[in-house]
Structure formats: C-alpha cells, structure tokens
Amino acid sequence: MILRKTIFRTIKEKKFQYAGVIVLLVLAVMLYVSLSMAISTLEERNNAFTDEYKQESFHLVAGQDLETQQMEEWERAYDVTLEKRFSKDVELGEESTLRLFTITEDVNRPYIGEGSMPKTGEIAVAEVFATENEIELGDSVDIGGEPLKVSGFVYLPDYIYMIKRQTDLLNNPEQFGIGITNERTLDNLGGAKQVQLLGWTENGKIPDGIQTEISQEVPVLQFVSSGENARIQFVESEIEGSQTLITTLPLFILALSIAMVLMLMKRRLELQRKEIGTLMALGYRKKELRNHYLGYAWFIGLTGTGLGLLAGAGFSVPLSNIYADFFNLPPLSMFDWDPMILVIGLLIPLALLLALTAFVISRTLRTEPLTLLRPKEMASGKKSWLEKLPFMNRGSFTTKFRLRLLARNKARSLYIFIGVMFSTVLLLFGFIAFHSMERLVTTTYEDIQTYDYAVYYSTLQTEQTEEGASPFSMAEITVGEDTKANLYGIQPDTSYIQLKSDEETLNPELSEGAVISRPLAIITGATAGDELTITNGISENELTVEIAGVADLFIGNALYLPKDQVNEFLGYPQEAYTAVWQDGEPQMSDRVFLVEDKQEVIDSFESTSGATRNTVAGMAVVAVVIGMIVLTLLTNLIVEENSPSISLFKVMGYHENEVSKLVLNVYTPLVILSYFLSVPIAQMSLEQTMNTLVEETGFLFPTDVVWWMVVVGFLTIVFTYWMSLMLSKRKLKHVSLQEALKKQQD
Amino acid sequence: MAIHVKEVHKKYQSGEVQIHALRDATLEIPDHKIVAILGPSGSGKSTLLNVIGGIDRYDSGSILIAGQQLETLKDHQLTDFRRKYAGFIFQQYNLIPALTVQENVEVGKELSERPLDMEDILTKVGMWDKREKFPFQLSGGEQQRVAIARALIKNPEFLLCDEPTGALDEETGKKILALLKYVNETYGTTVLIITHNQGIGEMAHKVIKMSSGEIVESIDHEHPIDPEKVTWS
Ligand SMILES: Nc1ncnc2c1ncn2[C@@H]1O[C@H](COP(=O)(O)OP(=O)(O)OP(=O)(O)O)[C@@H](O)[C@H]1O
Ligand SMILES: [Mg+2]
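In order, the protein sequence lines correspond to chains R and S.
So the first sequence is numbered by the numbering used here: it starts at 1 and just counts up by one.
So the second sequence is numbered by the numbering used here: it starts at 1 and just counts up by one.
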C-alpha cells in the first residue's frame, strides 16, 4: 500500500518522538530479557546441580568420628542416605583460607568442571577461588609446607554460595574458597579435622527425630537443614527475589512506553482527521485504514522489541558472569535459559501495543467520514470540568492561561507526574541500595560489633578468659513457633558489643529484657514491650522474655540476653561460655571451632561494593533516560499542540523566553510536587520489599533516606526536566506565524 | 449510469432546533453529463452531494445508482459503492501532505481494479512534470489538479466536486473547470459541481437550483458554453 510510505516519512519527520518511545520499549524488553535469561540460567543450573549431584537435605557437624555401622542403622531406620565427610580449613598464603573436603559419592557429589578428580597428593579447588588467587590447573600450591598439585576445578552442591560462615552475608572468593581431596591427603595436612554427616532424602525433608537420636550418640555441634543453609538457600532466594524485579520493572517501563505510543497515536490521528475522512470518502475500507495506522505500532513494536531482544541477549552475558562470580554452579545443560523468554519478550509488548493501538484507532474510525472532514470543533468550545472551577478564572491573563493549559492537558500532566515519579523511585532505589551497604557495614561492624575477632569453641569453656576478652554463650533457639534464631548470652558491661538503636545504647536495658536484631523484629512482628517465647532445640527448655529494644543489627536473627540468664536457660554452669570476643589475634587450637575475623568480613563488603556501585550507576542512568524521554516527549507534544497560541504570542511581541515560561514552565511545580511525593513512596515501597524478603535472606537492608539523596535526586530530576525543556524550546523557536495561519485555515 | 434521487429527506438536530437540510429532493441525473448545483449557503447543496456519494445517510426517500438502492446498503457496502463508482473533489483539496503528487494519485489508483494510466492522467491534468513534488510545494490550483487526478485515476462513474474552485482565483478556477469538462468528454464521467458561482452553471448540461433544502429549479442547457467564457463572480 502506498500509504505505508507516509508512516516512514512521518516517523522520519518526528524522529525524536518516535525514537523516544522506541528507546523506552527497548529498555523494557532489554531489562526483561537480560534479567530473565540470567536468572533462568541460574535456576536451570541450580536445579540440575541440586538433583543430579545429590545436594544434601541437611548436614551436621559431629564432635567425634562416626561409626559406619551406626550410620547404616540410621539410614535404615529413617530412610535416608547418609555419608561422612571430613574437612579442614587450611591457609593459603597470607590472606586466604581454603576449606578442603574429602570426596563424597552419595551426597554432595563434587562436579569437576575442568581437569580431573584429585588423587593422592592432589587437590581440586573452586574455579573462582583459583582465578582470584592466580592458581592455574596443574600448579602446585603450598599448604602448610606440603606441595599439592591442582588437578581440577570443582563445584560442590552445598557450597553454591561460597561463604566461610553460615552467617556471612557476602562471599569473597579471594579470601575463602573450597576444594576437595582424598582422605589420605587431608590427613597428612596439619590442623583440626572436622567431621560432618551429610544427609539426603528423596523429598528433601529431615526425618522426624533423627537429630535427637544422633545427638544421643555423638555430640552434635551444629545441625543445619538445607532450608536454613545460606550456602544453598542464597541462590534460591536470589532467584525468587529477582522474579519480582524481572517482571515489575520492565512491566512498568512497558506500560509507560505504551502510554506514550498511544499518546503519539492519538495525536497522529487527531492531526490526520481530514486525511482519514478523505480516504474514507475515496472508498478505503475501515480494515484497510486500521491496518495502515497499525503500521506505526508495528514499526515501533518490531524495532523496539527486536532491538530489546538483541540488547537483552547481549546484556545477559555480563549479567550471567556477575552471577557466576557469586554462585558456583556448573554449566550442566546446553540450553540454560528458557526460550519462552524470547517469545514473551517479543510477543507480550507487541501484542499489547497492537491491541491498544487498534483500540485507539477504532475509536477514530468509528467516526463518520463527514465528521472527520469537517474541521474539529475548536477545543475551546468544550470546557473541561477543571476549567469550570471558580479559581480557574481569577488572576492575571498569564495565570489563567497556564491554569487552562494544565486543565486541558490533563493526560499530559498526569504522565509528567508519573514519569517524574517513576524516575525518582528508580533513582532513590539506587541511592538507598548504595547507601545501605555502607550503613550496614558501619553500624553492624563498626558501631555495634566493636571486637576484632570472635572465637567459637567446639566445647563448653569454663576457664577464666584472657585479659581484654569478653566471653559469651551462644546457642540456636526457636522463637515462637518456628523462627530460628541465635541466642547470645553476653556480659551486659562488655565493650565488644554495643547494641545501638540510633544513637542510644541498649546494653543497660538487658536487665529489663532481651534486645533483638532488626530481621528478627520484622519476622516476629515484635517491638519493644512485647513478649517472645523461646525454646532451646536440644533441651526443649522454654523461656518467655520481654523485649527491651530492637538494635540496628541488620544481619541475622539474633536475640541478646545477659549471659547468666542464658546459661541458666541452656543448663550450662554459671561460669561457662562457648565463645569469646577479643581484639588480639586468637591462638588456633583443637578447642577452637571457628574464628571470625571481622576485618575479613568488612573487606569482603568493600570488594563487592564495586558491583553495587555499577548497579547503582546503571539504575541512575536508566532513571534519567526514562525521565528525559517521557518529559521531552510530553513537553514536545505540548509545544506542538499549542503552536497556534505560541505563534500568536510571538506575533503579539512576547519574547521566546516569556513564551516558554508561559507554556512550558507551567509544569515546574508539578515536577517538584511529584518529586517530593515520590521520595517517601520510594522509601516505603523499598522498605516493604526488604521486609518481605528478610525471612528468606536473613538480612535487612536499611532503607533510610538521607538528606544527600534527596538533594542529589532533586538536582538530577531538575536537570532532566531542564534538559527536556531545552530540547522543547528549540522546537518552540521553530513555531511560526505561518503555521498558525495554516492551521486556522484548515 | 443515471442517478435517480427520489423524495429524499434529511434532517439535522442541532441542539434545540431541527434543520431540514433536504426536503423532498427528487432529481434525475443523466449519464455522462456535467451538472451544476447552485444555491445560497445552507441550502443543502453539500448534503445532497454527500448522500449521492454515499458519505452521508438520509432519513427517507431513495437513491438509486447502478442498480443499488443506497438506503439498503450497510456501511461496508456503502464503502465499496464509493470505492467503485464515486470520486470526490473537495474545496480544500485534502491531499496527503506526506506523499508526493504521484503517490497521492497512487492512493486513488490502489482502490480500482481497472485504473487508468498514471502518466496519462498526470499529463492530462498537467502535473506530470511535478509528480515528485510534495503538496506544500504546490499552488492551490495545482493541488486541486492532483486531487482531480486522484479521483479520476480509479475511473469512477461520477465525480462529486464540492466547490472545486472556491479557493481559487478566476484564471486558475477556469483551468480547473476546463479540466473537468475535458474529463467529462474524454472518459464520459458524470460530473457534479457544487458552486456559489452562478456563472459556472453556464458550462453545465444541467443546472439544479436549491433553496432551504428544496430543489426549486432544474434547467437543461442544450449547448453549454466553454469554461473559458464563463462569467466569473
Ligand atoms: N452536521 C450537521 N449538523 C447540523 N446541521 C448541519 C450539519 N451539516 C449541515 N447542517 C445544516 O444543514 C443545512 C444544509 O447544509 P449544507 O452543508 O448542505 O449547505 P450548503 O448548501 O452546502 O451550504 P454552503 O454553500 O455554505 O456550503 C445547513 O443549514 C447546515 O447548517
Ligand atoms: Mg457546502
């Protein structure tokens, strides 16, 4: 059809408007496709690895070696697969720790990605750890004076998220990694050997009573189900948590871009009323005309989704690589991502765009050709309900003109409002995320936990601690029905932990009751003054405590009480403790179960903050681009639609600046209003999201809005708005008197 | 193909008042003739032309063209009727600004199963040399020539022209009239011309005068004069 040519010529003429909506569409599709591809790759690999390599359903750390015969009895009694695994933490160089495991066959089977299974005198290590520590295949590494050859790169199903301690938030493959070797090699190395019992059941559930029975035979230092195992669970909560992001964010942008397309379409149909009427009179059928106008939607849709798919597919590669650094998953399947993503990414936006555009077109096409051929009743003929409000007719001419402009362009004003809001929310999400890392580190690790090392013992200690060390008792408890938490019995006068809430230190409040961490407060819904009932998993003791306060601890479910009270509850002797906080570097000994070096934790935060910075920068760019497109598009349309009045003002002798003030600056208060409304909305919606996620992740990102965010956000939005005004002002310059006359003549 | 209009009524409701735009209009338009419709503003000329051309409906009466009773046709059948038989020419030309002269004519050509030759038509209307130009690069008279070519190329049975010279000066206007006459003679197209301009009646085979929605007079000219000699008013 020859009419098709008009589409391309119109788009070429209004290239900025169409490019704007296309970019919005590209952004939506790209975000959806890249995030979905990366996440579904993660999911597929995780599922495949979990199933095929028999990821544990639970594991326990035993205080002594286990008898094979005993294990076989349990296996029969509880219909479970059990396997014993030894491990040792060995130092590699100055900084890094390698956790070596013996090779298992039934549970948590290692996957060798490259190279081969280690034989005696050999080890296989995690690939990221090798990369970070500049270890290559075939290299010989020195472990405690023992040269061991690296035979391969290994993945373990229970170390997908490779963290040293369960409570760690971030992994740091430079400082900590895992490896496997055979039992003989492990025995030859120095240091304490840990005994683990790995359990696997068909349905992933822990058989009832197995924990109690085992703990009657051997001391159980730790019992962890896969559901509470951060090394396993983290990837799952990442997948689940991302699902919302994958769909909501792109959907929002999609909705915005479709709204913009429809607006352009309406405008186009408005401008071409006469053309449509003429074509109808000539004998063009409605279907033909509808298909013709759908051409715009096809063009925008196909270009937008096509480019979006390409960009998304391309972008998913670096995104997947980021995930690969976080989660150690072997590439088990060829097609890692779901091809439906491409279908959805292409079809949904296209179908929505076409259907809604068809709807808008059909409204015009239902009009009689004669009506279309007649000049449209001037908009001034019909007053909008807003204009009938009394205050609309007060004030000077310019005020009235501006108010009228706002009233007549209700939809435009609304979109400006929404556009600014969307950008602001996105921008603030970035800022808050950026800031919360810092805040999390400073409050948790500098203000509250003032110690340098925490030393956990494998048995109860009673001897006097060294000078400058503060003993505490720690145990796993259940709060309420089924919330797992760590109970800390601390010396209320200790200087190593300052339970702070804002600036107030809650340590003295411990005599009144318990102090809990933020995640626990959110999960249980408890605040100061409420009561919580805690039970001890092993002795089944029960205790009801009143909450004295909630400390700004953002990681983990923790409950703090005075040590005496905890010891009594746990049935420990008065003077006993299980761990100490201290500043001096601890001596390693057989009694020591685990040492937490706080500097290491802080370092790992620092090392990941680069990734966060990039994410934040990316989000800010997306926010600004979206804001700029939406605002420019709208101000452009406003100039276009008001060009008769604009040229009239010009002829009357108004200067361009005055005209732009009259026409464009009308929206400034709206932009500012929208911004300041969006700040609390962003804060609240993010807080809400974090609160819903806390149960799965076990940590809470602080979502406070700080003054600099408000200022920088404001400046960014104002800058964006100003830029869009600049772009539209150029258009305003080109509005001529001639144009106005021509329009009136039509 | 003659046009038979019989006892056609058309009313408009405009707020409180009812306007009788066509009052018992009865009329025969013979084949291959030029017919001028004269009358003061608001007398119903455009309304008559529009119902004949099938872009407007009427309340009662009947219009028979090419064996089709227009009041019995559904909307899409009416569209097909226009597509096949009618060619419209408007006072404001209504060309598509984004298309060149030739492309604008192409828009009409695509509607026909047996269109006329593009070069031939554009040469006849004197626009072949300017076929690459866009409407905004043309004068009013030139635009109207293109509009005529667009209506003509699908080889319609009749051309419906609502004040085709209304926006043109005498010299250009007369050229358009000459072109319409030429079309009528060459292709045998029936041409209906609405005009305020009494003089234009002189070049028509038949003149119909309207007043307040009624056809008040119908005059046949045995020997219509040459468009050049029309007294312009
Ligand atoms: N859509 C409409 N709604 C209401 N009244 C209408 C409508 N269209 C036409 N009329 C009225 O019908 C009458 C006939 O109109 P018509 O357009 O046929 O007049 P005309 O003879 O073509 O006038 P002119 O020479 O000014 O074009 C007029 O009184 C006009 O006001
Ligand atoms: Mg008229």
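By construction, these hints were calculated from the structure, which means they are not laboratory data.
Given the structure is predicted, the values throughout are model-derived calculations rather than measurements.
Keep in mind that a hint or two might mislead.
With a straight-line Cα cutoff of 30 angstroms, these simulated BS3-like cross-link-like pairs (lysine-lysine) come out [what the hints assert, rightly or not]: (1) R:K84 x R:K205; (2) R:K484 x R:K54; (3) S:K74 x R:K266; (4) S:K11 x R:K5.
For each hint, the structure was consulted:
Restraint check for K84 (chain R) and K205 (chain R): the C-alpha separation of about 19 angstroms stays at or below 30 angstroms, so the hint holds. Only pairs whose Cα atoms come within 30 angstroms are accepted, and K484 (chain R) paired with K54 (chain R) is accepted, the gap being roughly 25 angstroms. Annotation: proposed proximity of K74 (chain S) to K266 (chain R) holds, straight-line Cα distance about 28 angstroms (limit 30 angstroms). As the CA atoms of K11 (chain S) and K5 (chain R) are separated by approximately 40 angstroms, the hinted pair breaks the 30 angstroms bound.
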